[in-house]
Each structure stands twice: as structure tokens, then as C-alpha cells.
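Asks: Assemble the whole structure, with the sequences as input and the hints as a guide.
Chains as they are written, first to last, in this note's numbering: chain A, 172 to 394; chain B, 101 to 325.
Source of the hints: derived by calculation from the structure; they are not laboratory data.
Cβ coordinates follow ideal geometry from the N, Cα and C atoms, glycine included.
Wrong hints could be hidden among the right ones.
To be verified - Simulated coverage check for chain A against chain B, where a stretch passes if three residues somewhere in it have a Cβ under 8 Å from a Cβ of chain B:
hint, segment
1, 256-267
2, 295-301
As the list claims (entries may be wrong) - From chain B, some residues computed to sit far from chain A (all C-beta separations above 10 Å):
hint, residue
3, Met101
4, Asp141
5, Asn168
6, Ala173
7, Ser183
8, Lys187
9, Ala194
10, Ala197
11, Leu198
12, Phe218
13, Ser231
14, Trp308
15, Lys311
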Amino acid sequence: MAKDMTLLWGPGSPPCWRVMIALEEKNLQGYNSKQLSFEKGEHKSQEVLDINPRGQLPAFKHGNIILNESYGACLYLEEQFKSQGNKLTPENKAEAALMYQRMFEGLTLFQKTAQVLFYTRFVPENERHDSALKRNTEDLKAEVKLWEKYLQGTGPYLAGKCFSLADVIVFPVIAFLFRFGLNEEHFPKLAAYHNTLKDRPSIKNTWPPNWKGTPGQDALKDF
Amino acid sequence: MAKSMNLLWGAGSPPCWRVMITLEEKNLQGYKHKLLSFEKDEHKSQEVLEINPRAQLPAFKHGDNIINESTGACLYLENQFKSQGNKLIPDNPAEQALMYQRMMEGLTLIEKLNMVVFYDFYAPEGERHDSAVKRNRDNLVTELQLWESYLENVAADRYLAGPFSLADVVVFPNVVYAFCYGLSAGRYPKLTKYYSLLKDRPSIKATWPPKWFHIEQRSESLKDI
Numbered sequence: 172m173a174k175d176m177t178l179l180w181g182p183g184s185p186p187c188w189r190v191m192i193a194l195e196e197k198n199l200q201g202y203n204s205k206q207l208s209f210e211k212g213e214h215k216s217q218e219v220l221d222i223n224p225r226g227q228l229p230a231f232k233h234g235n236i237i238l239n240e241s242y243g244a245c246l247y248l249e250e251q252f253k254s255q256g257n258k259l260t261p262e263n264k265a266e267a268a269l270m271y272q273r274m275f276e277g278l279t280l281f282q283k284t285a286q287v288l289f290y291t292r293f294v295p296e297n298e299r300h301d302s303a304l305k306r307n308t309e310d311l312k313a314e315v316k317l318w319e320k321y322l323q324g325t326g327p328y329l330a331g332k333c334f335s336l337a338d339v340i341v342f343p344v345i346a347f348l349f350r351f352g353l354n355e356e357h358f359p360k361l362a363a364y365h366n367t368l369k370d371r372p373s374i375k376n377t378w379p380p381n382w383k384g385t386p387g388q389d390a391l392k393d394f
Numbered sequence: 101m102a103k104s105m106n107l108l109w110g111a112g113s114p115p116c117w118r119v120m121i122t123l124e125e126k127n128l129q130g131y132k133h134k135l136l137s138f139e140k141d142e143h144k145s146q147e148v149l150e151i152n153p154r155a156q157l158p159a160f161k162h163g164d165n166i167i168n169e170s171t172g173a174c175l176y177l178e179n180q181f182k183s184q185g186n187k188l189i190p191d192n193p194a195e196q197a198l199m200y201q202r203m204m205e206g207l208t209l210i211e212k213l214n215m216v217v218f219y220d221f222y223a224p225e226g227e228r229h230d231s232a233v234k235r236n237r238d239n240l241v242t243e244l245q246l247w248e249s250y251l252e253n254v255a256a257d258r259y260l261a262g263p264f265s266l267a268d269v270v271v272f273p274n275v276v277y278a279f280c281y282g283l284s285a286g287r288y289p290k291l292t293k294y295y296s297l298l299k300d301r302p303s304i305k306a307t308w309p310p311k312w313f314h315i316e317q318r319s320e321s322l323k324d325i
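Replies: Have a look at this one:
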């Protein structure tokens, strides 16, 4: 099963990390795993383009089946391997509803994160404006406060009592925020969530290798 | 079932349309719904905020369960009502994978459409650049050509992932959006064929948007794409 799977990934990338967490949760360790470098442009290599014409990571294959969209891969793995590993979709209707809601809000959280932390990567020099970066920063701050509020209302996981696809999808983004200096004292619920989950085996085993033993950055320390 | 559902929606919003198509496909007609006006800022009203603190539409409740994220709502409805209406997630692994792939790619498609048609909403005056406009247009062309290739063999019951599925629920409204804002049928024959094959599907016909946002000013936005 896992031996028929191949994942091309880049370290620290939340979309890649999600798929790796899902594979661990479904007991699919042993897949063919290849780490590539964004810095060296390896995501645009022929090897990636052969699987993902968009030249993006993750690039994921299961036999002849290709699924590069990280949400798609996670949903597929949960559906196809329902009977093995951990159940990632809650039985309880209310928790399932909340899971879907938070999962897709995760897209907004990641987008707003990228618009601040990757501002200069995505916006060419002549198009950059302090006003835009300032606005993006305020937007991200409001978004992070919203997630703090969500965890005040429910827990310990995003959909309630059970670890679910919402956590698979969103935890990597939360981890990214702390890696970039989010202040634990300002966001105690997010910090508790982060600290609890970083020891979960599927997460610990797939922790970005370039984050281990190196300090993060502090771009978000003033949030 | 449907009576315990409430949908607040706006006209010409693909995310709203997706949920409405899904409700029809799952035989959940009879849900409560209210059309709100984006132009009058009704999406920012207290009524919406009480369900969706983000002040966005759709705002959807099923009993006490709230799912405002449209793709999430569609997945929820398909999974909760598996045994009724039409099956929207294929069982076959290859079709299922393709369905999830195209469904999620559909979100990229609408983003790129929005960046061209509604560029001025994303970039306030003083932050707009011809270089950005050009890049957004080029990106959209690349994206649309990708979807032309995905629809190479489109035919009845051979849509984005075989039989009509959640991929079509998410993507078809985006395709209609593109044509409404001026996309050339001649330049995109496969997308045109996809459009004509599905426009009369009952769930789609029954929920066709009464109007599109700012269509008066923007109906030719995609004419030269």
C-alpha cells in the first residue's frame, strides 16, 4: 500500500506537511518520500512537473493516481483507508460540521499568513507598498485572534474532542506562525494547542527537518 | 431535514451557488433561504454576523451546525446525506482522487478569475500596477488553458471526474462566471461544451443566479483573455 505511494515535498511547507501527517495517521509509513528544495527551485524540476504540471509541492502519487492538492490528498487518504490507522472524521454530526468549517477556514489562515511572511517573495519590487504590507499584517493579526477565540470556545482539538482532518490541515499553519515568532503569552490557547500537538507521533515524526535545533524568526513577535 | 436548514446567500456568488446546487442534488429542496444584496452591504448585517462572524456569504446552518465555508458545506451535505439524492463523491479510487484534485483546483481557478475581474477590489487606488494587471491576465490564460486540457474529452456523464460530482459543483459555477464576464466561447471550446452540457441540469437550472455582481460595469472584463 504505502510502497505504491510517492510524495515529493519541501520542508516547512504546510501543504506538504499535511499530507505527511495524514499518511502517518493512517499507518501508511513506508511511502517513497523525497525531500526537495524550494530555494534551489527543485519544485519546478521535470521530476515534479511529471506529476504536477503546476510545478508545486506536494506532488503525490498512489500507483497511477495523482493528487497534488493537499486537502484532496488528505480527504482521499481518510476515505480510502477508513479501516486503518486513526479515524480523522468525527462520528458526531456537530463535530463533523465544525471539522469541515475549520478545515476550509484554514485556507484563509494560510493565505493571510503567506501575504505577510511571503510578501516580498510574491510581490515584485516595483509593486510593493508599505500600505499593502501594513494592511496584510493587520488582516493576519485579526485572523490569528479569531483562531485564538475558536480555541477558547472548543477543544482540545479544532473540531472539539477528537483529532480530525481540521487539525491535520491547520496545525502546520499554526506551527508556522509560532516558527515565525508568534508570542505564546498573547495567544495562550493557540500556544497550548501547539504544545499539545507537537508531541503527537504523526506530527513529531514529520516535523520539518530544517526547524529542528535552529531558531525561528521573529516577524510576528509584535502580534 | 431541509426544514432545519437555513441559507443566507447573494446573487452571482459561486460559493453560494455551490451550496444551492448541492442541496438540490441531495434532494434537500425546501430549505429556508434568504437572498441578500452585496450592493447594499447586507452581507455585513447583524443577521449574517450571527451565523458568520466573517460577514461573508454563504452563511449556512443545519440545526445548530454552522458551515459557512462553501466547499466544507458541500462535503458535509454529501457525507451526511449519502443515501439520498445523487452520489457526488465517486467510490472508485481513481475517480475519487481526480474528483478531489479538480474540486480543490477549482478554488485556484476562481481566485485567478477574481484577480482579473475584480482587481480593483484587491488593490486599492495607489497600489495598482499595469505589471500586476498583465501578470494576473497571463496567469488566468494559463489557468484556463489547463482547464481546457482537463476537459479534452468532455461529454455527457464525462465531466471533470466522470459522472457529475462535487468537482463539477465547485467548478461549474466558476465557468459560468467566466462566460458571464465576457470569456470568449470561440477561444475556449471545451469549456463552452462543458457549459452547454450542464446548464440545463435540474439542480443547476433551478438555482441559476438571478444576476451577477457589478455585471453592468464588468461584462466585458474577460473579453480579450
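Asks: Now, for every hint given, state plainly whether the structure supports it.
Replies: Outcome of the hint check:
1. 256-267: holds (count 4)
2. 295-301: holds (count 4)
3. Met101: Holds, because the least Cβ-Cβ distance between Met101/B and chain A comes to about 12 Å, which exceeds 10 Å.
4. Asp141: At about 19 Å from chain A, Asp141/B clears the 10 Å cut-off, so the statement holds.
5. Asn168: Not fine: 7 Å to the nearest Cβ puts Asn168/B too close to chain A.
6. Ala173: The assertion about Ala173/B is violated, with a minimum of 7 Å to chain A.
7. Ser183: Correct as stated: the minimum Cβ-Cβ distance to chain A is 15 Å, above 10 Å.
8. Lys187: About 13 Å separates Lys187/B from the closest Cβ of chain A, which puts it past 10 Å; holds.
9. Ala194: violated (5 Å)
10. Ala197: The assertion about Ala197/B is violated, with a minimum of 4 Å to chain A.
11. Leu198: violated (8 Å)
12. Phe218: Its Cβ never comes within 10 Å of chain A, the nearest being 16 Å, so this holds.
13. Ser231: Given a closest Cβ separation of 6 Å, the condition is violated.
14. Trp308: holds (24 Å)
15. Lys311: It holds; Lys311/B is separated from chain A by about 26 Å at its closest Cβ, greater than 10 Å.
Checked against the numbered hints above, the structure violates hints 5, 6, 9, 10, 11, 13; every other hint is satisfied.
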